[in-house]
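For this one, chain H is given, so just place chain R on it according to the hints.
Number of protein chains: 2
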Amino acid sequence: MSDPDIKPTDPPEIDGQTDTPEEVGLGTDMVGRVLDAMGADNEAAVRELVANLHYSDVADLLERLSGVQRRRLLEFAKDVLDPEVLAEVDETVLDEMIDHIGLDQVAEVVAELDTDDAVNVIEELEEDEQQHVLGAIPQADRTLIEESLSFPEDSAGRLMQREVMTVPAFWDVGKTIDYLRESAEEENWNLPDVFYDIVVVGPKHDPVGTIPLSLLLRTKRPVGVSEIMTSEMKLISATLDQEEVAFLFRQRDLVSAPVIDDTGRLVGMITIDDVVDVIDEEAEEDIMRLGGVREDDLYSATLATTRARFSWLFVNLITAILASAVIGLFQATIEQMVALAVLMPIVASMGGNAGTQTLTVAVRALATKELTTTNAMRQVGKEFMVGGINGLIFAVVMGAVAWMWFDQPMLGVVIAIAMIINLLVAGLAGASIPLALERFGIDPAIASSVFLTTLTDVVGFLVFLGLGAWLLI
Amino acid sequence: MSDPDIKPTDPPEIDGQTDTPEEVGLGTDMVGRVLDAMGADNEAAVRELVANLHYSDVADLLERLSGVQRRRLLEFAKDVLDPEVLAEVDETVLDEMIDHIGLDQVAEVVAELDTDDAVNVIEELEEDEQQHVLGAIPQADRTLIEESLSFPEDSAGRLMQREVMTVPAFWDVGKTIDYLRESAEEENWNLPDVFYDIVVVGPKHDPVGTIPLSLLLRTKRPVGVSEIMTSEMKLISATLDQEEVAFLFRQRDLVSAPVIDDTGRLVGMITIDDVVDVIDEEAEEDIMRLGGVREDDLYSATLATTRARFSWLFVNLITAILASAVIGLFQATIEQMVALAVLMPIVASMGGNAGTQTLTVAVRALATKELTTTNAMRQVGKEFMVGGINGLIFAVVMGAVAWMWFDQPMLGVVIAIAMIINLLVAGLAGASIPLALERFGIDPAIASSVFLTTLTDVVGFLVFLGLGAWLLI
Chain H
44 MSDPDIKPTD
54 PPEIDGQTDT
64 PEEVGLGTDM
74 VGRVLDAMGA
84 DNEAAVRELV
94 ANLHYSDVAD
104 LLERLSGVQR
114 RRLLEFAKDV
124 LDPEVLAEVD
134 ETVLDEMIDH
144 IGLDQVAEVV
154 AELDTDDAVN
164 VIEELEEDEQ
174 QHVLGAIPQA
184 DRTLIEESLS
194 FPEDSAGRLM
204 QREVMTVPAF
214 WDVGKTIDYL
224 RESAEEENWN
234 LPDVFYDIVV
244 VGPKHDPVGT
254 IPLSLLLRTK
264 RPVGVSEIMT
274 SEMKLISATL
284 DQEEVAFLFR
294 QRDLVSAPVI
304 DDTGRLVGMI
314 TIDDVVDVID
324 EEAEEDIMRL
334 GGVREDDLYS
344 ATLATTRARF
354 SWLFVNLITA
364 ILASAVIGLF
374 QATIEQMVAL
384 AVLMPIVASM
394 GGNAGTQTLT
404 VAVRALATKE
414 LTTTNAMRQV
424 GKEFMVGGIN
434 GLIFAVVMGA
444 VAWMWFDQPM
454 LGVVIAIAMI
464 INLLVAGLAG
474 ASIPLALERF
484 GIDPAIASSV
494 FLTTLTDVVG
504 FLVFLGLGAW
514 LLI
Chain R
44 MSDPDIKPTD
54 PPEIDGQTDT
64 PEEVGLGTDM
74 VGRVLDAMGA
84 DNEAAVRELV
94 ANLHYSDVAD
104 LLERLSGVQR
114 RRLLEFAKDV
124 LDPEVLAEVD
134 ETVLDEMIDH
144 IGLDQVAEVV
154 AELDTDDAVN
164 VIEELEEDEQ
174 QHVLGAIPQA
184 DRTLIEESLS
194 FPEDSAGRLM
204 QREVMTVPAF
214 WDVGKTIDYL
224 RESAEEENWN
234 LPDVFYDIVV
244 VGPKHDPVGT
254 IPLSLLLRTK
264 RPVGVSEIMT
274 SEMKLISATL
284 DQEEVAFLFR
294 QRDLVSAPVI
304 DDTGRLVGMI
314 TIDDVVDVID
324 EEAEEDIMRL
334 GGVREDDLYS
344 ATLATTRARF
354 SWLFVNLITA
364 ILASAVIGLF
374 QATIEQMVAL
384 AVLMPIVASM
394 GGNAGTQTLT
404 VAVRALATKE
414 LTTTNAMRQV
424 GKEFMVGGIN
434 GLIFAVVMGA
444 VAWMWFDQPM
454 LGVVIAIAMI
464 INLLVAGLAG
474 ASIPLALERF
484 GIDPAIASSV
494 FLTTLTDVVG
504 FLVFLGLGAW
514 LLI
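The listed protein sequences correspond, in order, to chains H and R.
Going by my numbering, the first sequence opens with residue 44, and the numbers climb by one from there.
Going by my numbering, the second sequence opens with residue 44, and the numbers climb by one from there.
If you're looking for bench data, these hints aren't it; they were derived computationally from the structure.
C-beta: ideal position from N, C-alpha, C; glycine also.
Within a straight-line C-alpha distance of at most 25 Å, the following computed BS3-like cross-link-like pairs (lysine-lysine) qualify:
hint, chain 1, residue 1, chain 2, residue 2
1, H, Lys263, R, Lys263
2, R, Lys218, H, Lys263
3, R, Lys218, H, Lys218
4, H, Lys218, R, Lys263
Examples of chain H residues lying across from chain R (beta carbon under 10 Å, computed):
hint, residue
5, Gly75
6, His97
7, Arg107
8, Leu223
9, Asp236
10, Leu260
11, Ile315
12, Val318
13, Glu325
14, Asp329
15, Arg352
16, Leu360
17, Ala391
18, Met393
19, Thr399
This is chain H alone, in the form it adopts within the complex:
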């Protein structure tokens, strides 16, 4: 059944046929070719390479280059950049690009973006830069963007696109399709480029139902849209936090959802591609915060990164000094039995690690709403048990090691008891600290580990050295 009418096409890109996984997305050799062309001062080649890349790959390319290379690339190719590149690059890189491209050209480029992408870019700018860029955008779009910006940062209102495909509830399938075909021919197509659901609206522009396009296509022309729409749809309030939006999309397997303002009027639509970015961001935030890093600072300059890391390290210094002060209480004991100093980091380290395991599970479970008030006590109890059992096992192992190492049975007993107690504390604290922080409205990811390791260090040193002073000296 081959057909002569098929227009010749380029062979489609196939991913996964290669053994090097890195080559999915922007390939290393492509980066190399761009660098070579820049090195050879071959402006035409650079422009052609960049122009043929997908905008996401161009964003990745810009991010992977050094500051100097990036500026050079922009010099060569700034006028062949897809506007979407601005919406894709990391904040730090965006700042640099704006400095280099200049606000006027940025304004021009932003004006070509969908409202949600435009908001993405504009919200990263300083107040006066925002005004400058907004000034360059046609009145109608500007109003929409300004409305979006009036919603809180990281809210559904910032995430939504303003262009929504809506039909009144009294239309039928035929009229809807005709409308779509006609508007496609008009000059000012202000409907979204791609959409997945049609929103059926009531007289006050209030959403009364949604219709997936695949259903619309399977329905005969005379059928009314209100007969096939789902009225049990999820409506999202424009002020809802983006983390909650992501949760809803994930939970309900949504691809798009209508957003309403506080009067119930339809103001926009959130689509899955924006939500995927949020899911990524939120997971990244948790990982970073658990690791004691404030933000994704891969692209920041060395000094900015140093400064960002400093504050967390400073907190750690204070808690480390606190733990040392505990050791300081037992100087006389250590002088009499130096083996205690040799062994004491083991107790602290095991407590810290066991606690971190529990903490990680708890922080993640809180983020995904798997840990709630319903099962909190059960989880804390379980972690206490886990700490107790592993504490017992490691007490026996480490007790034997310490006994043999220093040939003192009582030293083995002391470290065994200290191990059990510290692992019980670690289990209990690892589960309770994130729950308590969440209760007080503090992100459990950001502050949990510092509390936890301080506690396991202090308890570890105190119990081990205290028992040592009591039983061994």
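Same frame as chain H, but now just chain R:
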């Protein structure tokens, strides 16, 4: 423009109108009501509550209950459970459900699922259970599912659904829409329930292009599908790892993509909802592994969790003993100056924390392909600088503290030098270890932290005590 023909609808659910974010999704009060109804032995009430919940919420409900409560709920309501619940629950809970419901009923339920969801459930079963369940599925679907299962775990082939909406390249828009309308009326609708793109196929069932539904709807009937299709689509090989699939979807803002086998024949379609789950899983895996937890063990029984955590703690014990052995080399030094024992954990702890910061950024950047061979050396160099600068600052601070605390200027100098060296090592190692592991094909998330903290502990103790022995005694 109100219309009397609109059928009366329930008020739609609105999320975000409440101040308690936990109430997005399954509400705590709903869990309470189910528990109350179970407590009152009110079977009818339990069944009604469960039947009215979305399947994702039922899955969450089952996960949040204790083992005893879960079995009781299943007793009451197992025949009103949506089949999709099986595809949504955590693996551990699924095992329990299967034990309780019995394989025969599971087989019946799985037969009702889409092929991708069915594969999701079946791949969790033991070999003999798989055969049992597959036996209950009608021949045609069974073959499709068995083919999916023949692809490697976590590959595109496992993720895809087999039902794809395809049209030959010589059709036009009108014929496509007519075909959709007609097949909707047929009994055995074996096209996907919901789809977002139509795949245009050549004579060998090879995909030659895709058409987003929103474009199909905007195009007039006589236009050929080959005129509006995108031939520059992303084709996914069935053996591609799911992590790479997720990267592609994210990168290209895809909602669905055709999957081909090694002959280039279309075998299925991956949709964004499955990819969102993968993105979640992969982020979860990174978080868990960085925290030293093997798997998401929130729902595991206490003993299973204890066992899973044990191995990591055991590795930590070995490395902690190694670090202690380093201290052991300096027993004589410590005996002469106990202040060294008091201060030594500070140097180790600062190194561990600084290294963890760097490590976290590097592991995450590797996972998101932001860190590649192109910029690896630059990042390692930057981290070395960051370590050096923060090392200098903390050297001054801690040197002064140690001097004043123990009234010994030279002790301050020793800890200052040790701090600088350990933070330099931490920065260098935090960036290089993940890169090296990745190079050797080991997941950097799983093994990085143990190498790192061993190194920063050993270097911290060695340098500080070594300098102490040399300069102070």
